[in-house]
Every structure is written in structure tokens, then in C-alpha cells.
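**Q** Make the full structure from the sequences, and use the hints.
Taken in sequence, the protein lines are chains E and H. Residues 9 to 176 (my numbering) are what the first sequence spells out, left to right. Residues 53 to 161 (my numbering) are what the second sequence spells out, left to right.
Since the hints were made in silico from the structure, they are not lab data. Where hints are given, some of them may not hold.
[Unchecked claim] Derived DSSO-like pairs: lysine-lysine, alpha-carbon spacing no greater than 30 angstroms straight-line:
#: 1; chain 1: H; residue 1: Lys-117; chain 2: E; residue 2: Lys-53
#: 2; chain 1: E; residue 1: Lys-53; chain 2: E; residue 2: Lys-146
#: 3; chain 1: H; residue 1: Lys-144; chain 2: H; residue 2: Lys-117
#: 4; chain 1: H; residue 1: Lys-129; chain 2: E; residue 2: Lys-153
#: 5; chain 1: E; residue 1: Lys-57; chain 2: H; residue 2: Lys-98
#: 6; chain 1: E; residue 1: Lys-67; chain 2: H; residue 2: Lys-134
#: 7; chain 1: H; residue 1: Lys-98; chain 2: E; residue 2: Lys-156
#: 8; chain 1: E; residue 1: Lys-156; chain 2: E; residue 2: Lys-176
#: 9; chain 1: H; residue 1: Lys-126; chain 2: H; residue 2: Lys-94
#: 10; chain 1: H; residue 1: Lys-134; chain 2: H; residue 2: Lys-144
#: 11; chain 1: E; residue 1: Lys-167; chain 2: H; residue 2: Lys-126
#: 12; chain 1: E; residue 1: Lys-59; chain 2: H; residue 2: Lys-117
#: 13; chain 1: H; residue 1: Lys-134; chain 2: E; residue 2: Lys-59
#: 14; chain 1: E; residue 1: Lys-53; chain 2: H; residue 2: Lys-144
#: 15; chain 1: H; residue 1: Lys-126; chain 2: E; residue 2: Lys-153
#: 16; chain 1: E; residue 1: Lys-59; chain 2: H; residue 2: Lys-98
#: 17; chain 1: H; residue 1: Lys-129; chain 2: H; residue 2: Lys-94
#: 18; chain 1: E; residue 1: Lys-53; chain 2: H; residue 2: Lys-145
#: 19; chain 1: H; residue 1: Lys-117; chain 2: H; residue 2: Lys-145
#: 20; chain 1: E; residue 1: Lys-57; chain 2: H; residue 2: Lys-94
#: 21; chain 1: E; residue 1: Lys-67; chain 2: E; residue 2: Lys-57
#: 22; chain 1: E; residue 1: Lys-156; chain 2: H; residue 2: Lys-144
#: 23; chain 1: H; residue 1: Lys-134; chain 2: H; residue 2: Lys-145
#: 24; chain 1: E; residue 1: Lys-53; chain 2: E; residue 2: Lys-156
#: 25; chain 1: H; residue 1: Lys-134; chain 2: E; residue 2: Lys-63
#: 26; chain 1: E; residue 1: Lys-146; chain 2: E; residue 2: Lys-176
#: 27; chain 1: E; residue 1: Lys-167; chain 2: H; residue 2: Lys-129
#: 28; chain 1: H; residue 1: Lys-98; chain 2: E; residue 2: Lys-53
#: 29; chain 1: H; residue 1: Lys-145; chain 2: E; residue 2: Lys-57
#: 30; chain 1: H; residue 1: Lys-117; chain 2: E; residue 2: Lys-167
#: 31; chain 1: H; residue 1: Lys-94; chain 2: E; residue 2: Lys-156
#: 32; chain 1: H; residue 1: Lys-129; chain 2: H; residue 2: Lys-117
#: 33; chain 1: E; residue 1: Lys-57; chain 2: H; residue 2: Lys-129
#: 34; chain 1: H; residue 1: Lys-98; chain 2: H; residue 2: Lys-144
#: 35; chain 1: H; residue 1: Lys-117; chain 2: H; residue 2: Lys-98
#: 36; chain 1: E; residue 1: Lys-53; chain 2: H; residue 2: Lys-94
#: 37; chain 1: H; residue 1: Lys-144; chain 2: E; residue 2: Lys-57
#: 38; chain 1: H; residue 1: Lys-144; chain 2: H; residue 2: Lys-94
#: 39; chain 1: E; residue 1: Lys-63; chain 2: H; residue 2: Lys-98
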Amino acid sequence: MMELCAFVSNYLSGEGMPVVLVGGACVSIYSDNEYQTRDLDFIQKYSVKRKGLAKSLSKIGFTERNRYFEHPDTDYFIEFPTGPIAIGDEPVHHFVELDTPLGPLVLLSATDCCKDRLSAFYHWRDEQSLQQAINIAKDNDVDLKEIKRWSEQEGMQEKFARFIAELK
Amino acid sequence: MFEALFGNESAERVLVYINAREGGYGREIAAFFDASLTSIQKQLDKLEIANILYSEQQGRTRIYKLNPRYALYKELKQLLDKVVEFYPPDIKKVLISNRRRPRRKGKPL
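**A** In C-alpha cells:
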């Protein structure tokens, strides 16, 4: 999955459409595939017309169906959620670059990925997202001080306390 | 009223209604404004794709709400609170006085 993400990411970057991997695929990478997804979410760094994106992706065999892009050679499908890249109301400007055999892959940091999952738990009451955030925090060197600061800003001290309690 | 700002009248109606009532579904929004369900549903879909709204299935109805995870959520809420101030007093009153609150089943009015 990571190689496919890197391939698509590098291809689009070469086409002048740089993207950042977000969502469940990041969770999968940071939790050592404990969480599986077939949905690869990329957010465009700069807004590009959908038509241009579809045209570029069609050159490498992807076709658009119901806002998803599919390829006959893979079960994964690609989605481009609307930007901006943000966690809660804070824009994200710093990303992580992972080296893969198919080139670098730009994605959310483990800390931001953890915050993103907590955001779903905080605002949508999504318990699965809490578990994913815990898995990320267990397997990676996340900045708990920063997550605490952000959680307080979101007004979610109590839910943050539950995250910490379950993390231990 | 502010359709130039929101792109079109249906988008404004959807956002104002959902903000005032803390949620809403296509048929009730269309009925409230005496608008076409198709145009309202189209905006609901568009705003959900843009992550400005999210939806939850409640029974057989899909309820749409402002997405608290949207980057400009707080600012959008403030804007919509201000927009409704400019609505005719009777419409504003009906919109605001019927917020979606928890209500015990069978509770008398």
C-alpha cells in the first residue's frame, strides 16, 4: 500500500499537483498495518480542478467513479477529500517524508495523524478512531504535550483524559 | 439574502437552517423554505463532500449537521449566526425557537 501511495504521490507531484496522504492509510502506516483500509485519501496541497486531476490519473490507468479513482490492477481506491489540510481549526504546514522504493511519500506526521483520529473521536463520538489514535501513540513517538494542548483548545479535556488513561 | 456570498440561495438556506436548528434533513429544509427538494439535496451533497457538513443516519432519515472538524467551523457558525439576524423576524423566530434538543418521548408540550 505504501508503495502504491508513493507511486501516485510522486506521479501527481510530477504533474504539478502535489498531494499529502491523510486519513486511514496514514493510520495503517503508523500502526504497522494493524488497521487495514482500501481507501487512500490524498489532499491536494494546492487546489486543482477535478477535470485536470482525472485527466492526469487516467494516463496511469485510473478511472473515476462516484468521486473515487479505481485501477484494474489494485483493490485500493483513491479519494481526494476537499482541503485545506487541517486538524480541527489549525492548518497543517509540516509533513513527514518517508522513503520508499518508489520514491518519497509525503504524509501527516504521527502526531497529526493521532490528532486527526482523536478529532473524529471528539466530535463524531467514533470509538474506532479512539482505538486507532491509541495504536498510533503506542507505536510511534508522538508529541503528547502537543496533543494535550490541541485537545484543550478543542475543549476536549475529558476525552483527552480518557485517551491518556487507555493509552497506559 | 446573502446568496452571492454562499454561491446560491439553496446553499445559504441549507447552512442557515442547519446552523439554527443544529441539524436538518433535505425534506424538512425544502418544506421550511418552500423550495425544491432536488436543489436542497444537491447542496447538502455538495457541502458534505466539501466537509462543511457531515451526516448521520437516524432511523430512516439522514440528518446533516455542521461539521465541527471543518477548518473554518467556528468562523462559519459565527457568520451564520449573524446572517440569521438579517432574516425577517417571523422566519428567524421560527428557525431559532425550534432547535433540535433532546426531548423525552411522550413529554407534553
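**Q** Against the earlier hints, flag every one the structure doesn't satisfy and list their numbers going up.
**A** 6, 7, 13, 14, 18, 22, 25, 29, 31, 37
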